[in-house]
Every structure is written in C-alpha cells, then in structure tokens.
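Please work from the sequences and hints to get the whole structure.
The residues making up each chain are set out below.
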Amino acid sequence: MEIRELYLKNFGKFSDCHFFMEDGIQIFYGENEYGKSTIYAFIKAMLFGLDRGRGRAAQNDEFSRYEPWENPNYYAGIMRFTSGGKQFRLERSFDRYTKSASLVCEDDGEELSVEDGDLEMLLGGMTKESFDNTIAVGQLSARPGQELAEELKNYAANYYETGSSTVDLSGALDKLRMRKKSVEQEIKILYEKQEEKREVIRRECQYVTKDAEKLQSELEDNQEKLKTSRDLLRDMELPGEMDEPDKDGRGEAYNEDAGQKKHPDTDSGKSYIPLGLLGIIAGIAGRIWSFFTGSQSIFTGGGAISAMSWMILAAGILLVCFGGIKSIRHRFHKKYGGEELQKQIENQQGNDKQFQKSEKIEQEKEYLQKLKWENQRIKSEWKEKQVRFQNLQEQLAELDMPEPKIKNLQMTSQALQMAEEKLLSASRQMVQGFGDILNRKASGILGQITEGRYTRLLVDEQLNMTLLEDGRRIPVERVSAGTIEQVYFALRMAAAEILYEEPLPVIFDDAFAFYDEKRLKSTLKWLSEQQRQVIIFTCQKREQEIIKQF
Amino acid sequence: MRFIHIADVHLGAQPDAGSAYSAGRPQEIWESFSQVIALCEEEKTDVLLIAGDLFHRQPLLRELKEVNYLFSTLSHTQVVFIVGNHDYIKKGSYYRTFQWNENVHPLLGSELGYVMLQEFNLAVYGFSYHAREIREERYNLKAPGTAEYEILLAHGGDEKHVPVRTDAFENSGFDYVALGHIHKPQALVKNLAVYAGALEPVDKNDTGQHGFVRGEITEKGTHVEFVPYASREYIHLALRVNESMTNGSVKDYIKGTVEKRGVQNVYKFILRGYRDADVEFDTAHMDVYGNILEIEDETRPAYDYQKLYEENQDNLIGKFIGEFSGCTEGSIEYQALQEGVQALLENSLI
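Protein sequence lines correspond, in order, to chains L and G. The first sequence maps to residues 1 to 550 in the UniProt record's numbering. The second sequence maps to residues 1 to 350 in the UniProt record's numbering.
Everything labelled a hint here was simulated from the structure, so no lab data went into it. There could be a bad hint or two in this list.
Stated by the list, open to error - Quick list of in silico lysine-lysine cross-link-like pairs, DSSO-like style, CA-CA up to 27 Å:
hint, chain 1, residue 1, chain 2, residue 2
1, L, 407, G, 160
2, L, 193, G, 251
3, G, 204, L, 407
4, G, 91, L, 180
5, G, 184, L, 210
6, G, 91, L, 193
7, G, 268, G, 184
8, G, 190, L, 383
The structure is reproduced here in structure tokens:
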C-alpha cells in the first residue's frame, strides 16, 4: 500500500491542503509547529477513523486535539492510495453530525464499504493498536506496547510459513471444549437414565423386602398361634386333668389367645341358653308325661314319646352347655330340686362333657391344620419374595456394568481432551518457532542498522529484549537511548514484516532524534531497500541530506 | 422318533427392543414359547428337548406353574429339560421342590443322569447347573448304550460354561447332542451336535435368525433342520455414507432399509465411510418406526490426513497432525486427531 495523496479538507490547523506522495522515502520537513504531527495524526485518522471519547476523556482525545480551528463542524479529509495495483479514494468526515466514511476504487468505480471491513482487508487486518505498535513510529515512544506481545503470540499460533490460510486457534480450542462439554453432558444423561433404572429396581427391592418383612411377622404370629394350639391340644388329650374350674380357666385364656375367629360361639353362647331351656322344659314335660302313663307306654306309642322327650332334653342340655355350663347348673338347682331328676341331669351332663370335649379336640385339630396350611402359605410366599429379591439384585449388579455407549462417549471425551492438549502443545511449538523467526528477522535488521555492532537480539514472549554481544547478555534497558530506539525499530519492522503481508507504509514522526549520523544513514539505507513507502516527518535536514547521497 | 429341540428361551428377560417394542417384549417371549408347545401338540412331536436357560433368572413358583401348565397341555409329547447357568439350581431354588406333570422329565442333578423313554426306545442324558459357572470340560462323554437311541442334552460351550470340544461329540456315540447356551443357532457337527440358539433373540447382540431345531432319529440316522420361528430379529447394518449424503438422505435410506427388512425387526445401524466435513449426522432423530436401538456414527469427515499434513507441514494443522504420527485407526489418538483436525479446519480460512 502506498499513500498517494493526503487532502486535509479541514483538519487541525490545516484547511483545504493537499500533500502528494511518491513511492520510496518521503520526507516532510518542517520546523516546530509546522503541523507535522497533525499530518501524522491525519493519516492515522483516515486509516482507522477518529472516535470521539466520552465525558472527561473527550477533552484531550485526538478528536478534540485535531478539531479544526475554524469551522469545527466541517472536519473531514480525503486520502488516495494504491493497493494491489489499484487506486482507492478514501473519504471521511469526522464531525459529530456528518460522520461518514466512503471508499471507492477509482479504477473501476466500485463502491466499497468501510463499515463492512473492506478497508481493514486492504490493510491486511491491521488494527489501530498494531499500527501504533509497528509501522507508526512516534516521537520518543518507540517501544512497542504490550498489545504487540499479545498480537505476536496470537499470530504465532496461527503462523504459516507457507500457504495462505489462517487458523483460528482459539476458535478451534473453543470448538473442542464445546464438543467435550456436550459429550460429558450426554454421559451424564446416560448415567442418570441408568440411575433411574436402578432406582426403579431398588424401589421394587424395597417393596419386596417390605412384603417379606410383613410375611415374616405374619409367620411369627402364626407360629405363636400354632404353638398355643398344639399345647392346648396336648392338654386336652391328656385325660384326668380335666377339672372343670381348670378347664374353664384355660378355656378362657385360650379364647383370649385365639381370638374370636376360632370360637364365635362363646359370645353368642348365651343366646343358646333360653333355646336350651325351652328344649329342656319340653323334654322334662315329656318325661313327666311318660312317667304318668308309664305302664301303657311300654307297649304303646308312649315309648316313642318317651324317647323323643329324652332326645329333646338332651338337645336342650347340649345347647345350654354350649352357652355356659355353670349358669345352667345354677338354674337347674334353683328350678328343679328333685333328686332323681338331678342325678339324671348330672349323668346327662357328664356324657355331654365327654362329647363336647372330643368335639373341641376335633375343632382344635382342624384349627391346627389350618394354621399349618397358613404357615406353609406364608413360607412359600416368603420364598417367592426371596427369589424375586435375589433376581432383582442380580439385575442391579448387571446394571452396574458400564454401558458400551457410555464407554464410547468416555473415549470420545478423552480423545477431545487429548486433541486439546496436543493442539496447545503444537501451538506452543509454533510460538517457539515463530519466536526464532522473529528473533532472526529483528537481529538481521538490527545488525544492518548498527553496522554489525549488535547481531543477536532475543525477544521473549513478554517482549523483553536482550542483546547478545560476544556471549554476554545485555538487557536492552542498559544500552544507550539511541540503541534502545534502534532495537525497538528493529523489532517493529520485523513484526510488521511477519504480521502483515501487504507492505504498508512506515511512518516516522521525529523518530530519529537519538540516532547518530552513522546509524541514521544505515537505517535510512535499510529503509530505502524495503518494498515499502517510507514517510518521515522531521524537523531536521539531515535525513534529506542523507537520502540525496543514495 | 421325532423331536423338537429348543434352548435359551430366557423367559422373564426384558431385552431392549427399541421404543416401540421394548415394553411388550417379555410377553412376546412367553408367547413364542407357548406357541412352540402348541406346535408340539399339533405335530404330535415325540420329545421336546430344552437345553437349558428356560428362564432368564431364578424362576418364581408361579412361573414354574405357568410352564408346567403349558407342558400339561401336551397329550403326546414328552418333555426333557436341563437347567442352564442363568436359572441355575441354587440353594432354595424352586426347581428343587417343584412337582412336574408326569410327561415332564427334568434332569436336575449336577451329575450326569438320564431319563428312559421306553415308548421311543430313547434315553436322554444330561445334567443341570448348580452354580453360575462350570469351567470343567464335562461333555467328553461316551454314550452309555442304555437304549437304542441316545440323546445328550448339553448347555455351555464357552470358557466359563463347560468348554466344549467339537470332536468330542463326533465319536461320542450319541445319536444327537442338543446344545444350548450359545444364542446363535449353529451346528457343531452336522445332524449331530447342534445349538438350537435362543428361541427368541434376548439381547440386542443376538442378531440373525432365531427359532428351534426340528429333528428325527430313525434307523437311518439323525436328520435335523433349523426352523426360524422368532417374532423379531435384531439386525445390525453398516451403512456406508459418502460425501454427497446429508441428514435427510441418510434418514430416508434408513427408513427404506427398515421397511425392506421388516418393520417388526429391531435395528442397529453403523454409519461408516467419509462424510462431507460440513455435515454432522443427527442420529437421535432418525428412528422413524421406534425400532432402532442405536445409530453409531463412525463416519469421518472426508480428510486425507497424509495430504493435509503435507500441505500444512509448517503450520499449526501440520504440527497438530504431526503430533499423532503413527497412531492406528480406532485408537483414542486417532479419534483425537479427527476431532482436532475437524475443529481446526472448521476454524480456518482457506
């Protein structure tokens, strides 16, 4: 890129002022206050715009500094330049009301858009900061800023010695990290799903366990009942031990134990008593009747009546016995005092008791059998639960084995991690390689402008510069002010060469004040050999004189 | 003497069969089993041989009752079975106490036993698993010669489950060896030692046809045939993609393939080959019929790493590829290389 014309329509002290430029070294000579820095600022403003600061900062910013002295609302200029063999016209208006920029290719009349980055493209992606840090060499501030270190580092990662593509390292790293994140997310979801499955089984295990526990306690209850029933049965079957009060006592205790289910008749027993009494009365009446008709009855139907009366009597007594033997007895004692009758009744009662006892044993046996069956049922149900539980446990254990899909994803995640690490290590190699190239280039430039005095310059990642002289390391701060400027210059030029393919003009604003004649001469010589336009603003005549000698 | 030989029914298994079929799958396995029983009745098959793993896990009592009921519907067929490693006879197993119908002859001992079926002049030998694993080679047996026809029911064939040597059966003297445990139907010795395979596929890796073996033993010898019977089949298909394929075309292709091979089947697709580097297959949304278990994407963006390396030797891409020199396909390193190159190329201006 070469600047052909600067037209300061209204900029700082300049108004309607044209400057034309050629290839090679262009020198703007002027005494102090001539406006060299204004022109320098104009170039920068044309290339990168001039933004107005905000608030207090606005008072001393470049915008205010170069605000036209007259007619400040007309704050504009035009720059013509060539790039890639084509001529462009860049026009800007800086004032706050008509702020605009237009870029036209004058060869084919094509309108380009500054907003869309067409100018940036022509500048090879250079930003205002990198402009300051490389090709724009100001007064006594030639040390490149820290931004250059960053830019160089970034660039180093993307550095291509050959080819023309650029890789966005941080973009690639971001992509890998994002992929990894999503893979990890997927793994998490799969794990959660597995956990859900496991949870379902665990819950089922709990249900089964609870059921089993319930069955267990049922079984214990039943065992208890079984034991009581067995004891009772054994007692009942042992003869002689059947004293009535004893038996009653035990019977009551037993009834409490077994509950109502087994002896529903105990409660309703009393309702049998009146029924029984009725039977007994009928029976006795029958007996009495047959007693009176004694002689005939033996031969005639009286026998049947007599037998029937016995039966009714027996049934009555049986019923009453069911209800409560004691109360019946008392009532008998009260109602019927006749001795013979009493004997008969007692005899009858004895028989009934015998009968009742065996029936009770039968019942008890039946009950025992039922309990046994119940026991079996509970046991088998419990076992079913146990098998089910074990099967569930087996299923759980199977779920603990990692799914192949998760394994695959884990492998992908590892691979992504590895890709990231390798990419970083590859880029570090690149930085290192790039550092070597930067050092080599800067050293070469420094060597030329110091005429071989310093031939080795080492620049580290933080842009700390060290000179190597006869194997000694000299921090750049220790050398003379002039040499420092020259070291910075070498680094700037090396960086510009590396960072920007498009040879952009180099602009010096009184940058050679500390240079001695010899060094200035070799510097200018070096510059004149470059494929770049060189613009020098100076308040001294020596540059011009040296150039004339070439 | 005509027989049907089934194995590895795995009643109670809940194999993954895709979103559409998984829920009903356990029932389908029972269905299939009861249909085989019905078939035995219909064909008046003489003997039904079950070579182990009738159940997927320890059978519950009610499950045994169900099975016994099904057996009891057989008016002619005699059933002989052994118990395999999945439902092995552990302590307290219902197998130990269950009362089978009279036409059912379980060989539950841990040592070789046999059942004599006089009406067919047949002795069936076998033993059951009393542990999850049996590592000894226990099928190097000679037919004892107790009956005219002799069949061995066997379960196993891998390292942990009675390793089997093929030649052991060849001269064993058995008329037929009904094998179970390996789910893929196959003949170790033709017409002699045969794996019936799982009646229904019970794992997503049980690909291919499943069913049972129908056979006949006569004076002339033994002849068996495999009868495909399973209601579904697991099909694994590799689909080779090329650079012209997109999500839509892959989805359509998969849909078409599923329709052609049967919507009732359950699929796993593996996408292979080189895809357009800009296309990423969204495999989660290609299951049209709910019968796809998985679509594995093994495709690689169409990069030629060697060429890329040569072109980019001096830049980051080249350096990155260089970090992986000599790594083999399928390794983590190779995957890292793919991922990294893809990320780099997606973020570069060429």
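Could you grab the alpha-carbon distance between residue 91(G) and residue 193(L) and see if it respects the 27 Å cut-off?
-> violated, 34 Å
Does the alpha-carbon distance linking residue 204(G) and residue 407(L) stay inside the 27 Å limit?
-> The given pair, whose Cα atoms are some 17 Å apart, holds under the 27 Å limit.
If you draw a straight line from the CA of residue 184(G) to the CA of residue 210(L), is it 27 Å or shorter?
-> violated, 40 Å
Straight-line alpha-carbon gap residue 268(G) to residue 184(G), limit 27 Å = holds, 17 Å
Starting from residue 91(G), check that the Cα of residue 180(L) is at most 27 Å away, please.
-> violated, 49 Å
Does the alpha-carbon distance linking residue 193(L) and residue 251(G) stay inside the 27 Å limit?
-> Status holds; Cα separation ~26 Å.
Given hint residue 160(G) paired with residue 407(L) - CA-CA distance at most 27 Å = Satisfied, since the Cα-Cα distance of roughly 25 Å is no more than 27 Å.
Given the hint that residue 190(G) pairs with residue 383(L), test it: the Cα-Cα distance must not exceed 27 Å.
-> Cα-Cα ~44 Å, so violated.
In this structure, the hints that do not hold are numbers 4, 5, 6 and 8, in rising order.
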